[in-house]
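Peer 1: Per the numbering used here, numbering through the sequence shown is continuous, rising by one, with the last residue being 396.
Hints were generated in silico from the structure; no laboratory data involved. A hint or two may mislead.
[Claimed, not checked] 27 Å max Cα-Cα, derived DSS-like pairs, lysine-lysine:
id: 1; residue 1: Lys-16; residue 2: Lys-48
id: 2; residue 1: Lys-107; residue 2: Lys-243
id: 3; residue 1: Lys-118; residue 2: Lys-243
id: 4; residue 1: Lys-100; residue 2: Lys-345
id: 5; residue 1: Lys-168; residue 2: Lys-184
id: 6; residue 1: Lys-94; residue 2: Lys-184
id: 7; residue 1: Lys-94; residue 2: Lys-118
id: 8; residue 1: Lys-388; residue 2: Lys-94
id: 9; residue 1: Lys-345; residue 2: Lys-184
id: 10; residue 1: Lys-375; residue 2: Lys-94
id: 11; residue 1: Lys-243; residue 2: Lys-388
id: 12; residue 1: Lys-94; residue 2: Lys-243
id: 13; residue 1: Lys-260; residue 2: Lys-345
id: 14; residue 1: Lys-94; residue 2: Lys-260
id: 15; residue 1: Lys-230; residue 2: Lys-345
id: 16; residue 1: Lys-168; residue 2: Lys-230
id: 17; residue 1: Lys-184; residue 2: Lys-16
id: 18; residue 1: Lys-118; residue 2: Lys-107
id: 19; residue 1: Lys-388; residue 2: Lys-345
id: 20; residue 1: Lys-345; residue 2: Lys-364
id: 21; residue 1: Lys-375; residue 2: Lys-168
id: 22; residue 1: Lys-16; residue 2: Lys-118
id: 23; residue 1: Lys-260; residue 2: Lys-230
id: 24; residue 1: Lys-168; residue 2: Lys-48
id: 25; residue 1: Lys-230; residue 2: Lys-100
id: 26; residue 1: Lys-118; residue 2: Lys-50
id: 27; residue 1: Lys-243; residue 2: Lys-184
id: 28; residue 1: Lys-375; residue 2: Lys-184
id: 29; residue 1: Lys-184; residue 2: Lys-50
id: 30; residue 1: Lys-118; residue 2: Lys-48
id: 31; residue 1: Lys-16; residue 2: Lys-50
id: 32; residue 1: Lys-94; residue 2: Lys-16
id: 33; residue 1: Lys-50; residue 2: Lys-107
id: 34; residue 1: Lys-230; residue 2: Lys-243
id: 35; residue 1: Lys-100; residue 2: Lys-118
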Amino acid sequence: MSRETFQSLRMLLMEKLDLARELTDEEILEEIDTLILERMRDSCLSLKEKVQLRQELFHSVRKLDVLQELIEDETVTEIMVNGPDAIFVERAGKLSRWEKTFTSGEKLEDVIQQIVGKCNRVVNESMPIVDARLENGARVNAVIRPVALNGPILTIRRFPDTPITMEKLIALGSLPAECAEFLKTLVRARYSMVIGGGTGSGKTTFLGALSNFIPSDERLITIEDNAELKIQGIENLVRLEAKMANTEGATSVTIRDLIKTALRMRPDRIVVGEVRGGEAVDMLQALNTGHEGSLSTAHANSAEDMLSRLETMTLMGVDLPLEAIRRQIASGVDILIHLGRMRDKSRKVLEITEICGFEDHEIKTRTLYQWQEGKGLVQIASLLNREKLIRAGVTI
(Lines of atoms letter the chains of each structure in order from A; the text may use other names.)
(Lines give C-alpha, C1' and ligand atoms only; values in the text may rest on other atoms or scores of the structure.)
Protein backbone atom coordinates (compact mmCIF):
# COMPACT_ATOMS: atom_id res chain seq x y z
CA MET A 1 0.00 0.00 0.00
CA SER A 2 1.37 3.41 -0.93
CA ARG A 3 2.02 6.17 1.59
CA GLU A 4 -0.49 8.34 -0.31
CA THR A 5 -3.25 5.80 0.35
CA PHE A 6 -2.27 5.57 4.01
CA GLN A 7 -2.26 9.36 4.34
CA SER A 8 -5.73 9.65 2.80
CA LEU A 9 -7.04 6.95 5.16
CA ARG A 10 -5.54 8.75 8.13
CA MET A 11 -7.15 12.04 7.06
CA LEU A 12 -10.53 10.28 6.82
CA LEU A 13 -9.99 8.76 10.25
CA MET A 14 -9.16 12.14 11.82
CA GLU A 15 -12.36 13.58 10.32
CA LYS A 16 -14.45 10.78 11.87
CA LEU A 17 -12.90 10.94 15.34
CA ASP A 18 -14.56 13.19 17.91
CA LEU A 19 -11.45 14.98 19.13
CA ALA A 20 -13.49 17.25 21.38
CA ARG A 21 -13.50 14.53 24.05
CA GLU A 22 -11.00 12.04 25.39
CA LEU A 23 -11.29 8.86 23.33
CA THR A 24 -10.40 5.41 24.62
CA ASP A 25 -8.12 3.09 22.67
CA GLU A 26 -11.11 0.79 22.02
CA GLU A 27 -13.17 3.63 20.50
CA ILE A 28 -10.35 4.61 18.16
CA LEU A 29 -9.81 0.98 17.10
CA GLU A 30 -13.55 0.62 16.38
CA GLU A 31 -13.44 3.64 14.06
CA ILE A 32 -10.32 2.23 12.35
CA ASP A 33 -11.99 -1.17 11.83
CA THR A 34 -15.05 0.50 10.32
CA LEU A 35 -12.88 2.63 8.03
CA ILE A 36 -10.88 -0.36 6.79
CA LEU A 37 -14.06 -2.38 6.15
CA GLU A 38 -15.67 0.48 4.22
CA ARG A 39 -12.69 1.73 2.23
CA MET A 40 -10.54 -1.35 1.72
CA ARG A 41 -13.25 -3.92 0.95
CA ASP A 42 -12.34 -4.10 -2.74
CA SER A 43 -8.59 -3.84 -2.23
CA CYS A 44 -6.26 -6.77 -2.74
CA LEU A 45 -4.74 -6.44 0.73
CA SER A 46 -4.29 -9.69 2.63
CA LEU A 47 -5.61 -10.15 6.18
CA LYS A 48 -2.08 -9.74 7.52
CA GLU A 49 -1.66 -6.45 5.62
CA LYS A 50 -5.00 -5.18 6.94
CA VAL A 51 -3.98 -6.01 10.51
CA GLN A 52 -0.73 -4.10 9.95
CA LEU A 53 -2.65 -1.16 8.47
CA ARG A 54 -4.93 -1.18 11.52
CA GLN A 55 -1.91 -1.01 13.83
CA GLU A 56 -0.20 1.76 11.82
CA LEU A 57 -3.34 3.90 11.80
CA PHE A 58 -3.74 3.44 15.56
CA HIS A 59 -0.09 4.33 16.18
CA SER A 60 -0.44 7.45 14.01
CA VAL A 61 -3.29 8.70 16.22
CA ARG A 62 -2.51 7.46 19.70
CA LYS A 63 1.19 6.54 19.79
CA LEU A 64 4.37 7.79 18.10
CA ASP A 65 3.29 7.11 14.52
CA VAL A 66 5.84 5.10 12.51
CA LEU A 67 8.34 5.24 15.39
CA GLN A 68 6.15 3.15 17.71
CA GLU A 69 7.28 -0.08 16.07
CA LEU A 70 10.93 0.86 16.67
CA ILE A 71 10.25 1.95 20.27
CA GLU A 72 8.81 -1.50 20.99
CA ASP A 73 11.70 -3.32 19.27
CA GLU A 74 14.17 -4.43 21.96
CA THR A 75 16.99 -4.83 19.40
CA VAL A 76 16.94 -1.07 18.60
CA THR A 77 19.33 1.06 20.65
CA GLU A 78 19.09 4.39 18.79
CA ILE A 79 16.56 6.04 16.49
CA MET A 80 17.66 9.04 14.39
CA VAL A 81 15.03 11.03 12.49
CA ASN A 82 16.52 13.54 10.03
CA GLY A 83 13.29 15.12 8.86
CA PRO A 84 10.10 13.24 7.89
CA ASP A 85 11.67 11.25 5.04
CA ALA A 86 14.90 9.96 6.60
CA ILE A 87 14.87 7.61 9.59
CA PHE A 88 18.01 5.74 10.65
CA VAL A 89 18.20 2.95 13.21
CA GLU A 90 21.06 1.48 15.23
CA ARG A 91 21.00 -2.24 16.04
CA ALA A 92 23.96 -4.03 17.63
CA GLY A 93 26.11 -0.95 16.96
CA LYS A 94 25.33 -0.85 13.21
CA LEU A 95 23.39 1.92 11.47
CA SER A 96 20.84 1.30 8.73
CA ARG A 97 18.14 3.33 7.00
CA TRP A 98 14.56 2.39 7.82
CA GLU A 99 12.13 2.03 4.94
CA LYS A 100 9.20 3.76 6.64
CA THR A 101 8.73 7.54 6.78
CA PHE A 102 6.38 10.12 8.29
CA THR A 103 3.48 11.26 6.13
CA SER A 104 4.59 14.89 6.57
CA GLY A 105 6.82 17.24 8.50
CA GLU A 106 3.75 18.42 10.40
CA LYS A 107 3.10 14.88 11.66
CA LEU A 108 6.70 14.59 12.85
CA GLU A 109 6.30 17.92 14.69
CA ASP A 110 3.09 16.59 16.27
CA VAL A 111 4.99 13.55 17.57
CA ILE A 112 7.73 15.79 19.01
CA GLN A 113 5.16 18.02 20.72
CA GLN A 114 3.43 14.91 22.10
CA ILE A 115 6.70 13.63 23.59
CA VAL A 116 7.85 16.90 25.16
CA GLY A 117 4.35 17.75 26.39
CA LYS A 118 4.21 14.57 28.49
CA CYS A 119 7.46 15.64 30.18
CA ASN A 120 6.14 19.14 30.86
CA ARG A 121 8.72 20.58 28.45
CA VAL A 122 8.34 23.15 25.68
CA VAL A 123 9.77 23.31 22.16
CA ASN A 124 8.97 26.12 19.71
CA GLU A 125 10.71 28.67 17.49
CA SER A 126 11.96 30.65 20.48
CA MET A 127 13.12 27.46 22.26
CA PRO A 128 13.97 25.15 19.33
CA ILE A 129 16.07 22.59 21.27
CA VAL A 130 14.71 20.30 23.96
CA ASP A 131 15.70 17.20 25.94
CA ALA A 132 12.96 14.88 27.12
CA ARG A 133 12.23 11.21 27.74
CA LEU A 134 9.64 8.60 26.86
CA GLU A 135 7.52 6.67 29.34
CA ASN A 136 9.88 3.68 29.01
CA GLY A 137 12.86 5.84 30.03
CA ALA A 138 14.29 6.37 26.54
CA ARG A 139 16.29 9.59 26.18
CA VAL A 140 14.97 12.09 23.60
CA ASN A 141 16.57 15.10 21.94
CA ALA A 142 14.56 17.22 19.50
CA VAL A 143 15.63 20.17 17.35
CA ILE A 144 13.17 22.09 15.17
CA ARG A 145 13.27 25.12 12.87
CA PRO A 146 14.86 27.62 12.64
CA VAL A 147 17.86 25.71 14.06
CA ALA A 148 17.19 22.47 12.13
CA LEU A 149 17.40 23.33 8.43
CA ASN A 150 16.25 20.00 6.98
CA GLY A 151 13.10 19.64 9.03
CA PRO A 152 12.49 18.56 12.63
CA ILE A 153 15.33 16.37 13.97
CA LEU A 154 14.55 13.73 16.58
CA THR A 155 17.07 11.45 18.28
CA ILE A 156 15.96 8.72 20.67
CA ARG A 157 18.40 6.67 22.78
CA ARG A 158 16.53 3.54 23.79
CA PHE A 159 17.57 1.65 26.92
CA PRO A 160 16.80 -2.01 27.62
CA ASP A 161 13.39 -2.67 29.20
CA THR A 162 15.13 -4.52 32.02
CA PRO A 163 18.18 -2.74 33.49
CA ILE A 164 21.55 -4.24 32.52
CA THR A 165 23.25 -5.73 35.56
CA MET A 166 26.97 -6.10 36.19
CA GLU A 167 26.57 -9.85 35.55
CA LYS A 168 25.23 -9.04 32.07
CA LEU A 169 28.15 -6.66 31.40
CA ILE A 170 30.58 -9.40 32.43
CA ALA A 171 28.83 -11.84 30.06
CA LEU A 172 29.08 -9.26 27.26
CA GLY A 173 32.82 -8.92 27.88
CA SER A 174 32.70 -5.31 29.07
CA LEU A 175 34.92 -6.15 32.05
CA PRO A 176 36.27 -9.29 33.77
CA ALA A 177 34.48 -10.74 36.81
CA GLU A 178 37.38 -10.02 39.19
CA CYS A 179 37.32 -6.34 38.21
CA ALA A 180 33.56 -6.18 38.81
CA GLU A 181 34.08 -7.72 42.25
CA PHE A 182 36.77 -5.10 42.94
CA LEU A 183 34.37 -2.28 42.01
CA LYS A 184 31.59 -3.86 44.10
CA THR A 185 33.85 -3.76 47.16
CA LEU A 186 34.76 -0.12 46.50
CA VAL A 187 31.11 0.93 46.11
CA ARG A 188 30.15 -0.78 49.38
CA ALA A 189 33.13 0.86 51.12
CA ARG A 190 31.84 4.28 49.93
CA TYR A 191 34.54 5.20 47.42
CA SER A 192 33.30 8.11 45.28
CA MET A 193 33.52 7.44 41.53
CA VAL A 194 33.18 9.33 38.26
CA ILE A 195 32.50 7.32 35.09
CA GLY A 196 33.78 8.88 31.88
CA GLY A 197 33.73 8.12 28.18
CA GLY A 198 32.59 9.36 24.80
CA THR A 199 29.05 9.54 23.44
CA GLY A 200 27.47 6.08 23.32
CA SER A 201 30.21 4.43 25.38
CA GLY A 202 27.70 3.12 27.95
CA LYS A 203 28.23 5.54 30.85
CA THR A 204 24.60 5.60 31.99
CA THR A 205 24.27 1.83 31.67
CA PHE A 206 27.45 1.26 33.69
CA LEU A 207 26.34 3.80 36.32
CA GLY A 208 23.07 1.91 36.71
CA ALA A 209 24.91 -1.41 37.08
CA LEU A 210 27.30 0.05 39.67
CA SER A 211 24.43 1.54 41.66
CA ASN A 212 23.08 -1.97 42.22
CA PHE A 213 26.02 -2.52 44.60
CA ILE A 214 24.84 0.25 46.94
CA PRO A 215 23.56 -1.33 50.20
CA SER A 216 19.76 -1.55 50.23
CA ASP A 217 19.41 0.11 53.66
CA GLU A 218 20.86 3.47 52.53
CA ARG A 219 19.01 6.61 51.45
CA LEU A 220 19.86 7.38 47.83
CA ILE A 221 19.02 10.52 45.84
CA THR A 222 19.39 10.49 42.04
CA ILE A 223 19.68 13.77 40.12
CA GLU A 224 19.31 13.82 36.32
CA ASP A 225 18.53 16.11 33.42
CA ASN A 226 16.13 13.44 32.20
CA ALA A 227 15.26 10.57 34.53
CA GLU A 228 16.84 7.49 32.92
CA LEU A 229 18.39 5.50 35.75
CA LYS A 230 16.50 2.43 36.90
CA ILE A 231 17.78 1.85 40.41
CA GLN A 232 16.85 -1.57 41.78
CA GLY A 233 16.58 -2.85 45.33
CA ILE A 234 16.69 0.45 47.26
CA GLU A 235 13.47 1.35 49.09
CA ASN A 236 14.62 4.74 50.41
CA LEU A 237 15.06 6.23 46.95
CA VAL A 238 14.39 9.84 45.86
CA ARG A 239 14.47 10.66 42.13
CA LEU A 240 14.90 14.30 41.09
CA GLU A 241 14.74 15.66 37.55
CA ALA A 242 15.77 19.08 36.24
CA LYS A 243 13.12 21.32 34.73
CA MET A 244 13.41 23.84 31.92
CA ALA A 245 11.92 27.29 31.98
CA ASN A 246 8.87 27.78 29.75
CA THR A 247 7.10 30.60 27.97
CA GLU A 248 4.42 30.75 30.68
CA GLY A 249 6.90 32.23 33.15
CA ALA A 250 7.79 29.09 35.10
CA THR A 251 11.45 29.24 36.12
CA SER A 252 13.98 26.52 35.46
CA VAL A 253 15.23 24.08 38.09
CA THR A 254 18.83 23.18 37.29
CA ILE A 255 21.08 20.31 38.30
CA ARG A 256 22.84 22.78 40.60
CA ASP A 257 19.55 23.62 42.31
CA LEU A 258 18.79 19.93 42.76
CA ILE A 259 22.20 19.11 44.24
CA LYS A 260 21.80 21.94 46.78
CA THR A 261 18.31 20.70 47.63
CA ALA A 262 19.49 17.09 47.91
CA LEU A 263 22.00 18.08 50.58
CA ARG A 264 19.06 19.14 52.78
CA MET A 265 17.30 15.79 52.32
CA ARG A 266 19.66 13.72 54.46
CA PRO A 267 21.12 11.54 51.68
CA ASP A 268 23.61 8.76 52.35
CA ARG A 269 24.71 9.04 48.73
CA ILE A 270 23.93 11.21 45.73
CA VAL A 271 23.99 9.91 42.15
CA VAL A 272 24.29 12.66 39.52
CA GLY A 273 23.37 11.23 36.12
CA GLU A 274 25.77 13.48 34.21
CA VAL A 275 27.94 16.46 35.12
CA ARG A 276 28.14 18.88 32.19
CA GLY A 277 28.98 22.31 33.59
CA GLY A 278 29.01 24.47 36.68
CA GLU A 279 27.17 21.85 38.74
CA ALA A 280 30.56 20.14 39.12
CA VAL A 281 31.39 22.57 41.94
CA ASP A 282 28.24 21.62 43.86
CA MET A 283 28.94 17.93 43.34
CA LEU A 284 32.50 18.35 44.68
CA GLN A 285 31.18 20.23 47.69
CA ALA A 286 28.77 17.35 48.35
CA LEU A 287 31.62 14.83 48.12
CA ASN A 288 33.69 16.89 50.54
CA THR A 289 30.93 17.35 53.11
CA GLY A 290 30.31 13.77 54.18
CA HIS A 291 28.48 12.31 51.18
CA GLU A 292 31.12 9.73 50.28
CA GLY A 293 30.29 6.91 47.91
CA SER A 294 28.49 9.14 45.44
CA LEU A 295 28.53 8.33 41.72
CA SER A 296 28.39 10.41 38.54
CA THR A 297 29.28 10.43 34.85
CA ALA A 298 31.02 12.92 32.56
CA HIS A 299 32.09 13.08 28.92
CA ALA A 300 35.84 12.53 28.54
CA ASN A 301 38.37 10.94 26.19
CA SER A 302 40.50 9.32 28.91
CA ALA A 303 40.87 9.16 32.68
CA GLU A 304 43.47 11.93 32.53
CA ASP A 305 41.20 14.02 30.33
CA MET A 306 38.40 13.51 32.86
CA LEU A 307 40.40 15.42 35.48
CA SER A 308 40.86 18.34 33.07
CA ARG A 309 37.14 18.25 32.29
CA LEU A 310 36.24 18.33 35.99
CA GLU A 311 38.57 21.31 36.48
CA THR A 312 37.05 23.17 33.52
CA MET A 313 33.46 22.44 34.56
CA THR A 314 34.15 23.55 38.13
CA LEU A 315 35.60 26.84 36.83
CA MET A 316 32.32 27.31 34.93
CA GLY A 317 30.50 27.35 38.26
CA VAL A 318 32.86 29.25 40.55
CA ASP A 319 35.84 31.59 40.23
CA LEU A 320 38.50 29.85 42.32
CA PRO A 321 42.25 29.37 41.90
CA LEU A 322 43.04 26.20 39.94
CA GLU A 323 45.01 24.80 42.87
CA ALA A 324 41.97 25.09 45.15
CA ILE A 325 39.83 23.26 42.60
CA ARG A 326 42.41 20.49 42.23
CA ARG A 327 42.52 20.07 46.00
CA GLN A 328 38.71 19.71 46.01
CA ILE A 329 38.84 17.06 43.27
CA ALA A 330 41.70 15.17 44.95
CA SER A 331 39.91 15.05 48.30
CA GLY A 332 36.40 14.35 46.94
CA VAL A 333 36.85 11.87 44.08
CA ASP A 334 38.48 8.49 44.71
CA ILE A 335 38.14 6.50 41.48
CA LEU A 336 37.87 7.34 37.76
CA ILE A 337 36.42 4.71 35.42
CA HIS A 338 36.92 5.24 31.68
CA LEU A 339 34.72 3.47 29.12
CA GLY A 340 35.16 3.23 25.38
CA ARG A 341 33.54 1.91 22.23
CA MET A 342 35.67 -0.54 20.28
CA ARG A 343 35.95 -1.02 16.51
CA ASP A 344 33.45 -3.89 16.67
CA LYS A 345 30.99 -1.48 18.38
CA SER A 346 31.24 -3.29 21.73
CA ARG A 347 31.60 -1.22 24.90
CA LYS A 348 34.47 -1.91 27.29
CA VAL A 349 35.98 -0.63 30.52
CA LEU A 350 39.34 0.68 29.28
CA GLU A 351 40.86 2.10 32.44
CA ILE A 352 40.32 2.36 36.19
CA THR A 353 42.39 5.03 37.89
CA GLU A 354 42.81 5.90 41.56
CA ILE A 355 43.21 9.51 42.67
CA CYS A 356 45.97 9.38 45.27
CA GLY A 357 46.03 12.97 46.50
CA PHE A 358 47.41 16.41 45.74
CA GLU A 359 51.13 17.10 45.58
CA ASP A 360 53.39 19.69 43.88
CA HIS A 361 50.34 21.59 42.55
CA GLU A 362 49.14 18.47 40.70
CA ILE A 363 46.54 15.73 41.27
CA LYS A 364 48.39 12.46 41.70
CA THR A 365 46.84 9.41 40.02
CA ARG A 366 47.61 5.70 39.86
CA THR A 367 46.30 3.43 37.08
CA LEU A 368 44.90 0.25 38.61
CA TYR A 369 43.42 -1.47 35.54
CA GLN A 370 44.24 -0.82 31.89
CA TRP A 371 43.01 -2.24 28.60
CA GLN A 372 45.75 -4.05 26.67
CA GLU A 373 45.34 -5.32 23.12
CA GLY A 374 45.04 -9.08 23.09
CA LYS A 375 44.78 -9.31 26.88
CA GLY A 376 41.73 -7.22 27.73
CA LEU A 377 41.42 -5.30 31.00
CA VAL A 378 44.50 -6.11 33.07
CA GLN A 379 45.31 -5.13 36.66
CA ILE A 380 48.65 -3.32 36.69
CA ALA A 381 48.68 -1.90 40.24
CA SER A 382 46.96 -2.39 43.58
CA LEU A 383 44.80 0.14 45.41
CA LEU A 384 46.88 2.57 47.47
CA ASN A 385 44.26 4.37 49.56
CA ARG A 386 42.72 1.70 51.80
CA GLU A 387 41.35 3.85 54.63
CA LYS A 388 37.72 3.45 53.55
CA LEU A 389 38.16 -0.31 53.15
CA ILE A 390 39.51 -0.54 56.72
CA ARG A 391 36.65 1.66 57.98
CA ALA A 392 34.11 -0.58 56.23
CA GLY A 393 35.80 -3.72 57.57
CA VAL A 394 36.43 -5.26 54.13
CA THR A 395 39.57 -6.36 52.32
CA ILE A 396 40.60 -6.79 48.71
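Peer 1: Determine for every hint whether it applies to the structure shown.
Peer 2: Consistency of the hints with the structure:
1. Lys-16 x Lys-48: Distance ~24 Å between Lys-16 and Lys-48 Cα, so the pair holds.
2. Lys-107 x Lys-243: holds, 26 Å
3. Lys-118 x Lys-243: holds, 13 Å
4. Lys-100 x Lys-345: holds, 25 Å
5. Lys-168 x Lys-184: holds, 15 Å
6. Lys-94 x Lys-184: With a Cα-Cα distance of about 32 Å, the restraint between Lys-94 and Lys-184 is violated, given a limit of 27 Å.
7. Lys-94 x Lys-118: violated, 30 Å
8. Lys-388 x Lys-94: violated, 42 Å
9. Lys-345 x Lys-184: Judged against 27 Å, a Cα distance of about 26 Å means the pair holds.
10. Lys-375 x Lys-94: Roughly 25 Å between the alpha carbons, so the hint for Lys-375 and Lys-94 holds.
11. Lys-243 x Lys-388: violated, 36 Å
12. Lys-94 x Lys-243: With a Cα-Cα distance of about 33 Å, the restraint between Lys-94 and Lys-243 is violated, given a limit of 27 Å.
13. Lys-260 x Lys-345: Judged against 27 Å, a Cα distance of about 38 Å means the pair is violated.
14. Lys-94 x Lys-260: violated, 41 Å
15. Lys-230 x Lys-345: holds, 24 Å
16. Lys-168 x Lys-230: With Cα atoms ~15 Å apart, Lys-168 and Lys-230 stay inside 27 Å; holds.
17. Lys-184 x Lys-16: violated, 58 Å
18. Lys-118 x Lys-107: holds, 17 Å
19. Lys-388 x Lys-345: violated, 36 Å
20. Lys-345 x Lys-364: violated, 32 Å
21. Lys-375 x Lys-168: holds, 20 Å
22. Lys-16 x Lys-118: holds, 25 Å
23. Lys-260 x Lys-230: holds, 22 Å
24. Lys-168 x Lys-48: violated, 37 Å
25. Lys-230 x Lys-100: violated, 31 Å
26. Lys-118 x Lys-50: violated, 31 Å
27. Lys-243 x Lys-184: violated, 33 Å
28. Lys-375 x Lys-184: Roughly 22 Å separates the two Cα atoms, so the pair holds.
29. Lys-184 x Lys-50: Outside the cut-off at roughly 52 Å; violated.
30. Lys-118 x Lys-48: It is violated: about 33 Å lies between the C-alpha atoms, which goes past 27 Å.
31. Lys-16 x Lys-50: holds, 19 Å
32. Lys-94 x Lys-16: violated, 41 Å
33. Lys-50 x Lys-107: Cα-Cα ~22 Å, so holds.
34. Lys-230 x Lys-243: holds, 19 Å
35. Lys-100 x Lys-118: Given pair Lys-100, Lys-118 holds - Cα atoms ~25 Å apart, limit 27 Å.
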